Amino acid sequence: MSDFTNPVEPFLRTDRMPHIWCPGCGIGTTVNCFARALIESKIDLESLALVSGIGCTGRVAGYVKLDSFHTTHGRAIPFATGLKLANPKLNVVVYSGDGDLSAIGGNHLIHAARRNIDLKVICVNNLIYAMTGGQTAPTTPSHAITSTSPYGTCEPAFNLPHLVEAAGAVYVARWTTFHVRQLARSIAEAFNKKGFSFIEVISPCPTLYQRRNKLGDGLDTMKYYKEKSKVKHGAPTSEVGLTMTGEIIVGKFVDRDRPDYQTMVRAQLTESLGDRFVEQAEMVCS
Amino acid sequence: MVERCKACGFCVEFCPTKVLALSSAFNSKGYHPPHVVNPEKCSGCDLCGMYCPDFAIYGYKLETGQAHVATAASAVHRAQRGPGNQSTGVEDEG
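Those protein sequence lines, which keep their order, are chains A and B.
Numbering-wise (the working numbering), the first sequence opens with residue 21 and increments by one.
Numbering-wise (the working numbering), the second sequence opens with residue 355 and increments by one.
Extracted from the complex, chain B is given alone in its bound form:
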């Protein structure tokens, strides 16, 4: 997915909870894909996925009540609203 990103910034601008920012990393075409800066704020609404013209990002809610956004560069998931379920994990996906 990282190679699809063209750094238009739609996901960063229109994320309702400002989870994302453009990273300083490059993909092979020289664009800066977004990365997750506020993983705990992600509600899994998938608005980033709706806006992305390059099909390079999407968000979703996990069955455990967690929310998750899979960006071009990495995927971050976190515990959402569940007491005793507050772990935050970062995994590489690109």
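Chain A extracted, bound-state conformation:
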């Protein structure tokens, strides 16, 4: 037995392992990247809070040994906003899936981006509602077969980077679970960014999405990511939409600066109240 341990181990509630994610699912890989980003950015774990919603990715909150919060469906961002406003010193990470963030929580996503609340949002996009049985999600590509569209989806899919950029996010990136080092670097970069950061991670769902669409297992999908993804930093987000078997444009699309919500609140109150504005007392948790 060696003295070395898995670098991810200190970030996991090991008593809850093995986890419930399917063989070939990429969510665990994203957790690896997240843990390495935490190590790399040397962030104080006491100042970190992780919030997730419902769904396969929502389970992350239960598996990481951090201050984590498993909220109601779609409401990860509102809970995270509350945490951040009450205790601005916290680094708040929202770790959830595409169904939770862009479907039931879609409005929260665009308004948090519009307000530029200082949240780091990691959205694991498996292109389907996985935990509830493989129904069509807003991110499901056209023509894909799901349990609610046995003859193929007719709807166009959401292009999440385009959506959040238009709404006002300051940092938008997309990677797949194949791009582990780039993803870890991107998450670490987002920690140094003030404002609404959004990182989309394309992940395989072998049990529901790949199986019904005859796209093979998790490993086949990873090979597809390797073959078909193209790194284009700064690509216009309107051109990065996903198709079922086409090219996946990945990279850092947006990196800009804009005052965050709390800065704007302070500026507005100072402007209208002048000397009468009293800075909110610092909250100390005991």
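Derived by calculation from the structure, the hints in this document are not laboratory data.
Be careful, since some hints might not be right.
[Unchecked claim] To spell it out: a stretch of chain A is covered by chain B in this simulated footprint if at least three of its residues, at any positions, have a beta carbon under 8 Å from a beta carbon of chain B; those stretches are:
1) 38-46
2) 99-112
3) 116-130
4) 200-208
Keep in mind that this is a model prediction, so the values were computed, not measured.
A virtual CB, placed ideally from N, CA and C, is assigned to each residue, including glycine.
Since the structure of chain A is provided, determine the placement of chain B on it from the hints.
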């Protein structure tokens, strides 16, 4: 760690130096965990650890310049690039 493995094959496929292969052994859930077939090729890059969705494998470099991959089934370490330091050891870890 052996019980965490679900034999997705990510570590085997994406190891840059092809150190690993799925073994014929079973864990208690009936999956075939990987084992080390080319220990001398391991560079300790830990890409297997980054890819593993089940946190069941990791690689590292020893301070002596050795590289090491701890798989679900066994751990193998070897001497790396050091003259007169070429011993290869296999230890059970599962």
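A quick look at each hint next to the structure:
1. 38-46: Since three or more residues must qualify, the claim that chain B covers the stretch 38-46 of chain A holds, with 8 doing so at under 8 Å.
2. 99-112: violated (count 0)
3. 116-130: Result for this restraint: violated, n = 0.
4. 200-208: holds (count 3)
The structure fails hints 2, 3 (numbered hints given earlier, in ascending order).
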